[in-house]
Amino acid sequence: MTYAELTYHSHNRLKRLVQRHRYQAMLRLVSDGSDVSVLDYGCGDGFFLRLLQSLGIAPDRLIGYEPFGSMAAQFETGPDRPNLIGDTEGLDRLAVDGTTPRRFSHIFCMEVLEHLDDADLAVALDRITELAGADTRIIVAVPVELGLAGAVKCLFRWMAGSESVSTRTIRSVLRGRAPPRLVSETPEGRYIYSHIGFDHRRLGEELARRFRVEERFGVPFRHLPLALNNEAAFICRPR
Numbered sequence: 001m002t003y004a005e006l007t008y009h010s011h012n013r014l015k016r017l018v019q020r021h022r023y024q025a026m027l028r029l030v031s032d033g034s035d036v037s038v039l040d041y042g043c044g045d046g047f048f049l050r051l052l053q054s055l056g057i058a059p060d061r062l063i064g065y066e067p068f069g070s071m072a073a074q075f076e077t078g079p080d081r082p083n084l085i086g087d088t089e090g091l092d093r094l095a096v097d098g099t100t101p102r103r104f105s106h107i108f109c110m111e112v113l114e115h116l117d118d119a120d121l122a123v124a125l126d127r128i129t130e131l132a133g134a135d136t137r138i139i140v141a142v143p144v145e146l147g148l149a150g151a152v153k154c155l156f157r158w159m160a161g162s163e164s165v166s167t168r169t170i171r172s173v174l175r176g177r178a179p180p181r182l183v184s185e186t187p188e189g190r191y192i193y194s195h196i197g198f199d200h201r202r203l204g205e206e207l208a209r210r211f212r213v214e215e216r217f218g219v220p221f222r223h224l225p226l227a228l229n230n231e232a233a234f235i236c237r238p239r
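In this note's numbering, the protein residues as written are 1 to 239.
These aren't lab readings, by the way, just hints derived from the structure by calculation. In this text, a Cβ means the ideal position worked out from N, Cα and C, and glycines have one as well. It is possible that some hints are incorrect.
To be verified - Have a look at the derived ranges for each label pair, beta carbon to beta carbon:
(1) R175 - D60: 47 to 55 Å
(2) E76 - Y191: 35 to 43 Å
(3) P79 - L182: 39 to 47 Å
(4) R212 - G69: 17 to 25 Å
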């Protein structure tokens with residue numbers, strides 16, 4: 001399946017709705033202006049960058065990083081398109097570019113970190129830190145998979161037959177206890193396919209250790225607790 005079929009063009013109407021809410025929430029964090037410059041860390045096929053371009057942001061101020069070749073192959077490149085970095089070497093070169101602190105007003109990392117084990121998550125946050133300037137806004141969005149929201153998601157997965165979910169797992173998730181997660185070895189590195197067991201609270205603690213977390217809010221219900229939302233979003237600044 002393509003990235004679009006897995007996300008914003010999914011055959012599942014609820015999934016499409018969830019994706020639309022996230023993109024709308026993230027777009028509201030970017031104001032108009034010639035000083036806007038965005039890195040989408042883990043950009044998939046570049047859909048979010050195309051949305052930003054449709055708002056009038058010049059494509060040469062939009063960069064996507066996608067290390068998984070199967071996803072990067074779906075990114076439309078060429079004249080008047082956002083730029084793609086498809087390997088860590090390219091990202092490392094960008095990190096040592098002296099203009100980088102002025103280049104990115106925003107770094108987005110959406111629906112990425114929940115697929116990484118602790119070691120790879122630390123590497124990703126290290127890279128984001130290197131690419132951020134003093135005034136860069138770092139926006140991280142991850143799924144809420146614990147508490148009531150997580151339990152409801154598990155029930156939907158069980159009813160749809162998309163994942164094997166036991167009643168024990170559902171009880172654990174409802175109580176806020178993250179069950180163990182399976183890390184798979186792929187040709188492009190380690191990857192955690194299932195969202196079940198991801199703990200957004202632990203990630204929030206790690207973000208607070210590394211950055212100044214200016215705001216955390218739920219998507220789509222910004223003013224409700226994270227446990228009642230589909231996703232948790234964190235707006236951070238470098239220390």
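Structure-inconsistent hints, enumerated in ascending order = 2 and 4
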